[in-house]
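Here's the letter readout for the chains.
2 protein chains.
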Amino acid sequence: MGSKETDSGERQAASDLSRWQVPAGGKGFTLAQCDPSAQPLTYPTKAQTKAQVTELASEIDRLQNLFYADGRFALLVVLQGMDAAGKDGTVRAVFKETSPLGVRAVSWKAPSDVERAHDYLWRIHQQMPRKGEFMLFNRSHYEDVLVPAVGGALSPAAARQRLRQINDFERMLSENGTVILKFMLHISAQEQRRRLQARVDDPDKRWKFDASDVRARGQWAAYQRVYETLLRATSTRWAPWTVVPADSKIHRNLIIATLVRDKLASLKLCYPPGDPEIRGLLIQ
Amino acid sequence: MGSKETDSGERQAASDLSRWQVPAGGKGFTLAQCDPSAQPLTYPTKAQTKAQVTELASEIDRLQNLFYADGRFALLVVLQGMDAAGKDGTVRAVFKETSPLGVRAVSWKAPSDVERAHDYLWRIHQQMPRKGEFMLFNRSHYEDVLVPAVGGALSPAAARQRLRQINDFERMLSENGTVILKFMLHISAQEQRRRLQARVDDPDKRWKFDASDVRARGQWAAYQRVYETLLRATSTRWAPWTVVPADSKIHRNLIIATLVRDKLASLKLCYPPGDPEIRGLLIQ
Numbered sequence: 001m002g003s004k005e006t007d008s009g010e011r012q013a014a015s016d017l018s019r020w021q022v023p024a025g026g027k028g029f030t031l032a033q034c035d036p037s038a039q040p041l042t043y044p045t046k047a048q049t050k051a052q053v054t055e056l057a058s059e060i061d062r063l064q065n066l067f068y069a070d071g072r073f074a075l076l077v078v079l080q081g082m083d084a085a086g087k088d089g090t091v092r093a094v095f096k097e098t099s100p101l102g103v104r105a106v107s108w109k110a111p112s113d114v115e116r117a118h119d120y121l122w123r124i125h126q127q128m129p130r131k132g133e134f135m136l137f138n139r140s141h142y143e144d145v146l147v148p149a150v151g152g153a154l155s156p157a158a159a160r161q162r163l164r165q166i167n168d169f170e171r172m173l174s175e176n177g178t179v180i181l182k183f184m185l186h187i188s189a190q191e192q193r194r195r196l197q198a199r200v201d202d203p204d205k206r207w208k209f210d211a212s213d214v215r216a217r218g219q220w221a222a223y224q225r226v227y228e229t230l231l232r233a234t235s236t237r238w239a240p241w242t243v244v245p246a247d248s249k250i251h252r253n254l255i256i257a258t259l260v261r262d263k264l265a266s267l268k269l270c271y272p273p274g275d276p277e278i279r280g281l282l283i284q
Numbered sequence: 001m002g003s004k005e006t007d008s009g010e011r012q013a014a015s016d017l018s019r020w021q022v023p024a025g026g027k028g029f030t031l032a033q034c035d036p037s038a039q040p041l042t043y044p045t046k047a048q049t050k051a052q053v054t055e056l057a058s059e060i061d062r063l064q065n066l067f068y069a070d071g072r073f074a075l076l077v078v079l080q081g082m083d084a085a086g087k088d089g090t091v092r093a094v095f096k097e098t099s100p101l102g103v104r105a106v107s108w109k110a111p112s113d114v115e116r117a118h119d120y121l122w123r124i125h126q127q128m129p130r131k132g133e134f135m136l137f138n139r140s141h142y143e144d145v146l147v148p149a150v151g152g153a154l155s156p157a158a159a160r161q162r163l164r165q166i167n168d169f170e171r172m173l174s175e176n177g178t179v180i181l182k183f184m185l186h187i188s189a190q191e192q193r194r195r196l197q198a199r200v201d202d203p204d205k206r207w208k209f210d211a212s213d214v215r216a217r218g219q220w221a222a223y224q225r226v227y228e229t230l231l232r233a234t235s236t237r238w239a240p241w242t243v244v245p246a247d248s249k250i251h252r253n254l255i256i257a258t259l260v261r262d263k264l265a266s267l268k269l270c271y272p273p274g275d276p277e278i279r280g281l282l283i284q
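Note that the protein sequences, when read in sequence, are chains A and B.
First residue of the first sequence: 1, per the working numbering; consecutive thereafter.
First residue of the second sequence: 1, per the working numbering; consecutive thereafter.
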């Protein structure tokens, strides 16, 4: 994932992060190995960490312009995680500097009647980024495995079939120019409790609280099990998963901003030459 | 447009801007009255002007969160203007601080075959913001009057019919909760020449240059005439036009950011109370 152009300090950072990438095929990966409170990238102070995230966000904005001009690729960033894992916060922190002309975000909710009358990838396909665009998925097609598998509506065999279909779908996207990065925001049950409690207690946040969050929390172990299966089955060369320790918001932002920046830098983007005929043209 | 909550200095600012709003019905309005180099809002230094734009962009981001939580309105911002008038730059400067989850932008291009096989508002309607969302139009359905009217494909009577249809369409949107702000970015022919020349001369900008820009420039007077007709016919109580003097980029940004902020502040947005049942709930 590290780009050759980065200096040695940054190569070091990228290599520290590589152990959080789920190996293609999932061999040897367990979610239990991943400590939600880990901080694989650190700066001496909190202020320096925040400043680095801001710097990376500006760099991602500059790279977005180049990405658009270059026009060869589209970028899909998938964010998954338990309730309150920080998906919204990640979108805000990492892509806030990017012009709305270059980035779109979709928060996937339960499908509508019309959507439910199609295969589960139908609505997903419609929201794919065009060339030159970043698309951020807050939740994704992975919910179509997670939720029914935990709830018992999807048998293990049917879940395996969906995971294979997703791999095939993502491979097709990748072969046609969509760069895919998938992040599982990994928080601890204690940290989730703290964040949900804050939503209950703060009158300005109470509207965000949904009773279904508490239900899903009651199925914590089942969700972790299905997540592990899903991460192992769908981390591929063309669409790798990274587990992001997410108990600390600023360290979560730092990791994701670093990996997005590194990926963009590795694409060797360049400005198209423009029509050679207009060289030296004088506008009247 | 000025909100009652703003302090008296800001009320002053808003009232200085009111003369740039095209009166509903267009009575007495001419584009020739509008000086593209005017700076109706000013701060003592360029650095202070820029800082004010950044402050307004942050305020718009905070108001976006509240706008989403409130959930009663959608916001449509229409940006029109000649090539190089600064539509992209406005999106970037005014909405860069806003999370991609709260704002979307569409750059309208020539319609596809499928789009052309429908009425001209069909594709526009599909891209309307949902409640809680900001949508930014870089160009818009107004191009479906401008381009054919200048090119001669639309008779004056057919153009008047479209303008009436647009008023009816925008009224329906407004009556169903979409707040509409329309900005005509008004630059001088000299400033456009300077900006297009910069695209030709800068190797990193050359890819942006399109030969059709020069053709449209050759029809400058015709475009200005159709713009004047259009602004007079479609500035309404429910969807007013503001002519924005746009020869100076930072002053253009300052005007638009001020008017967007003022409009949002005038909506008396508030957080919904949340389910009273969850008050005092302890998360296990």
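Don't take every hint at face value.
Which copy is meant is left open, so a pair is good if it fits within one copy or across any two.
The calculated DSS-like cross-link candidates involving lysine-lysine, where the alpha carbons are at most 30 Å apart (straight line), are [as the list claims (entries may be wrong)]: (1) 46 <-> 109; (2) 96 <-> 249; (3) 263 <-> 96; (4) 109 <-> 268; (5) 27 <-> 46; (6) 109 <-> 131; (7) 27 <-> 208; (8) 27 <-> 96; (9) 46 <-> 96; (10) 50 <-> 27; (11) 131 <-> 208; (12) 46 <-> 131; (13) 268 <-> 46; (14) 131 <-> 205; (15) 96 <-> 109; (16) 205 <-> 268; (17) 208 <-> 263; (18) 205 <-> 27; (19) 96 <-> 205; (20) 268 <-> 208; (21) 268 <-> 96; (22) 205 <-> 263; (23) 131 <-> 27; (24) 96 <-> 131; (25) 50 <-> 208.
These aren't lab readings, by the way, just hints derived from the structure by calculation.
Hint check:
1. 46 <-> 109: The answer is neither: 34 Å in one copy and 45 Å across copies each exceed 30 Å.
2. 96 <-> 249: Both ways: residue 96 and residue 249 sit 15 Å apart in one copy and 21 Å across, limit 30 Å.
3. 263 <-> 96: both (18 Å within a copy, 22 Å between copies)
4. 109 <-> 268: between (35 Å within a copy, 28 Å between copies)
5. 27 <-> 46: neither (35 Å within a copy, 58 Å between copies)
6. 109 <-> 131: both (25 Å within a copy, 15 Å between copies)
7. 27 <-> 208: Neither: 38 Å inside a copy, 47 Å across copies.
8. 27 <-> 96: Cα proximity of residue 27 and residue 96: none, with 35 Å in one copy and 41 Å across.
9. 46 <-> 96: Answer is both: 19 Å inside a copy and 24 Å across each meet the 30 Å cutoff.
10. 50 <-> 27: Result: close neither inside a copy nor across copies, 34 Å intra and 53 Å inter.
11. 131 <-> 208: Answer is between: at 16 Å across copies they meet the 30 Å cutoff, but 34 Å inside does not.
12. 46 <-> 131: Classified as neither; 36 Å inside a copy, 36 Å across copies.
13. 268 <-> 46: neither (32 Å within a copy, 36 Å between copies)
14. 131 <-> 205: Cα proximity of residue 131 and residue 205: across copies only (19 Å, versus 37 Å in one copy).
15. 96 <-> 109: So residue 96 and residue 109 pass the 30 Å test inside a copy (22 Å) and across (26 Å) alike.
16. 205 <-> 268: Intra 42 Å, inter 18 Å, cutoff 30 Å: inter-copy only.
17. 208 <-> 263: between (33 Å within a copy, 25 Å between copies)
18. 205 <-> 27: neither (41 Å within a copy, 47 Å between copies)
19. 96 <-> 205: both (21 Å within a copy, 24 Å between copies)
20. 268 <-> 208: between (41 Å within a copy, 20 Å between copies)
21. 268 <-> 96: Answer is both; intra-copy 23 Å and inter-copy 25 Å each pass.
22. 205 <-> 263: Answer is between; shortest inter-copy Cα gap is 24 Å, intra-copy 34 Å.
23. 131 <-> 27: This pair counts as neither: shortest intra-copy Cα distance 33 Å, inter-copy 45 Å.
24. 96 <-> 131: Both, since 20 Å and 21 Å are each at most 30 Å.
25. 50 <-> 208: Result: close within a single copy only, 26 Å intra versus 34 Å inter.
Hints 1, 5, 7, 8, 10, 12, 13, 18, 23, counting from the list given before, are not met by this structure.
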